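Asks: What follows is the residue order along each chain.
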Amino acid sequence: AQTVTQSQPEMSVQEAETVTLSCTYDTSESDYYLFWYKQPPSRQMILVIRQEAYKQQNATENRFSVNFQKAAKSFSLKISDSQLGDAAMYFCAYRSEWGNDMRFGAGTRLTVKP
Amino acid sequence: EPEVTQTPSHQVTQMGQEVILRCVPISNHLYFYWYRQILGQKVEFLVSFYNNEISEKSEIFDDQFSVERPDGSNFTLKIRSTKLEDSAMYFCASSYPDYGYTFGSGTRLTVV
Chain R
5 AQTVTQSQPE MSVQEAETVT LSCTYDTSES DYYLFWYKQP PSRQMILVIR
55 QEAYKQQNAT ENRFSVNFQK AAKSFSLKIS DSQLGDAAMY FCAYRSEWGN
105 DMRFGAGTRL TVKP
Chain X
19 EPEVTQTPSH QVTQMGQEVI LRCVPISNHL YFYWYRQILG QKVEFLVSFY
69 NNEISEKSEI FDDQFSVERP DGSNFTLKIR STKLEDSAMY FCASSYPDYG
119 YTFGSGTRLT VV
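Sequence order for the protein chains is R and X. Residues 5 to 118, numbered by the numbering used here, are exactly what the first sequence covers, in order. Residues 19 to 130, numbered by the numbering used here, are exactly what the second sequence covers, in order.
With the rest of the complex left out, here is chain X (with noise of 0.2 Å):
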């Protein structure tokens, strides 16, 4: 069965450093998406993205995050001047252009 990978499974990095994860979505899918879950906390929203373009944005996703699709097949998040609450789980998901979501396995992210 196809799968979304993420790499790496773990990232420890400084704060106020920069971070990106990447993601590698189904193949035929068109959507994608980054979610976070804080340790013992619900999995939140962060963005979604169709066309090369980011379709919608929680709250959460402001000026310090940002998603690219460099190639055609990767489809990356960074974080900018990481902060120690950025510490958590982050998950990528593909769908195709119906209801049901693939996610990866997600990378933990750890801000120190």
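The following block holds chain R by itself, in its conformation from the complex (with noise of 0.2 Å):
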């Protein structure tokens, strides 16, 4: 069964700074989809970014970036010029091509101070 780790429990960061939130996973699969949610206090669940497993390039949104190592199966979000309403838990997520359900890590709780 395929399983995703993230290791930071709790990550902070001055406003207008970058960070870098990790994720790793285990899979045996080649094709499959990496994703990042975000996840306020209100508790919606808000797509960041994905990406294809089968793509090289790493996807990008705004001030949000990943980077994707396949052979090292590790899918880190960058978050550049944090900002205030960057703060919630992330959420990174694991989703098989032939699978339905998505798998997610335990969380990392993003805190941005002013």
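In case anyone wonders, no lab produced these hints; they're calculated from the structure. Every value quoted in this text rests on a predicted model; they were computed, and no experiment measured them. Be aware that one or more of the hints could be misleading.
Here are the simulated DSBU-like pairs of lysine-lysine, each with C-alpha atoms no more than 35 Å apart in a straight line [said to hold, decoys possible]:
#	chain 1	residue 1	chain 2	residue 2
1	X	K75	R	K82
2	X	K60	R	K59
3	X	K96	X	K60
4	X	K60	X	K101
5	X	K101	X	K75
6	R	K77	X	K60
7	R	K77	R	K117
8	X	K75	R	K74
9	R	K82	X	K60
10	R	K59	R	K82
11	X	K60	X	K75
12	X	K60	R	K74
13	X	K75	R	K59
14	R	K59	R	K77
15	R	K117	R	K74
16	X	K96	X	K75
17	R	K117	R	K82
18	R	K77	X	K75
19	R	K59	R	K74
20	X	K60	R	K117
Can you join these two chains into the complex? Each is in its own frame, and there are hints to help.
Replies: Shown next, in the form of structure tokens:
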């Protein structure tokens, strides 16, 4: 079974600085999808960014980018120019190309200091 | 942008009672899901639903749980004989046949 590991329970960043959240996963599959979700205090799950495993190019969405290392099974999220509104729980998630369910990591709580 | 709508936002129920959590997925989506998040813990997959039947379910989704799409627009999760440990945030999600999920805003279930 696929597992997703987020080794940083909590991270902190100064406003306007850059922070990187780590995620590793375990799979024997070659085709899959990876996601980062943001969960603010409202507890809604908001998609931040996604990556197809067959794409070598790292996904980017405005201030959010990923460093996808397929061989190392690593999928880190970089947040540039951090804003107070970025404070939230961030979940890394894996989805098999063939499966329906999405597997989540335990989450990283990001605090942004003014 | 289309949304997945969940009602109610908060449900309080007595232990042993049955609850039905409701979701309206995005209209052209074909796959529907329920996830659970116990406070402070990770988001856990419960069940996926496609073509009017369950396509996958986790070990959490036992006989206490059932899902239904009664009228072509709603997607419901029924929890029978609720227990204290069923208290959690329940998220509905839907997707078209690609990899993108859209989550609802969740229903907070409190069993007392």
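Asks: Each of the hints needs a verdict: does it hold here or not?
Replies: These are the hints, each one checked on the structure:
1. X:K75 / R:K82: The given pair, whose Cα atoms are some 33 Å apart, holds under the 35 Å limit.
2. X:K60 / R:K59: Given that 35 Å is the threshold and the Cα spacing comes to 27 Å, the pair holds.
3. X:K96 / X:K60: 21 Å, holds
4. X:K60 / X:K101: It holds: about 19 Å lies between the C-alpha atoms, which stays within 35 Å.
5. X:K101 / X:K75: Holds, at about 20 Å.
6. R:K77 / X:K60: With a Cα-Cα distance of about 20 Å, the restraint between K77 (chain R) and K60 (chain X) holds, given a limit of 35 Å.
7. R:K77 / R:K117: Cα-Cα ~31 Å, so holds.
8. X:K75 / R:K74: Satisfied, since the Cα-Cα distance of roughly 28 Å is no more than 35 Å.
9. R:K82 / X:K60: Holds. K82 (chain R) to K60 (chain X) sits at ~21 Å (cutoff 35 Å).
10. R:K59 / R:K82: Distance of about 18 Å is within 35 Å: holds.
11. X:K60 / X:K75: Distance ~17 Å between K60 (chain X) and K75 (chain X) Cα, so the pair holds.
12. X:K60 / R:K74: 24 Å, holds
13. X:K75 / R:K59: 29 Å, holds
14. R:K59 / R:K77: Between K59 (chain R) and K77 (chain R) the Cα gap is close to 14 Å, so the pair holds against 35 Å.
15. R:K117 / R:K74: Roughly 32 Å between the alpha carbons, so the hint for K117 (chain R) and K74 (chain R) holds.
16. X:K96 / X:K75: 14 Å, holds
17. R:K117 / R:K82: Status holds; Cα separation ~17 Å.
18. R:K77 / X:K75: Between K77 (chain R) and K75 (chain X) the Cα gap is close to 26 Å, so the pair holds against 35 Å.
19. R:K59 / R:K74: OK: K59 (chain R) and K74 (chain R) at ~10 Å, within 35 Å.
20. X:K60 / R:K117: 25 Å, holds
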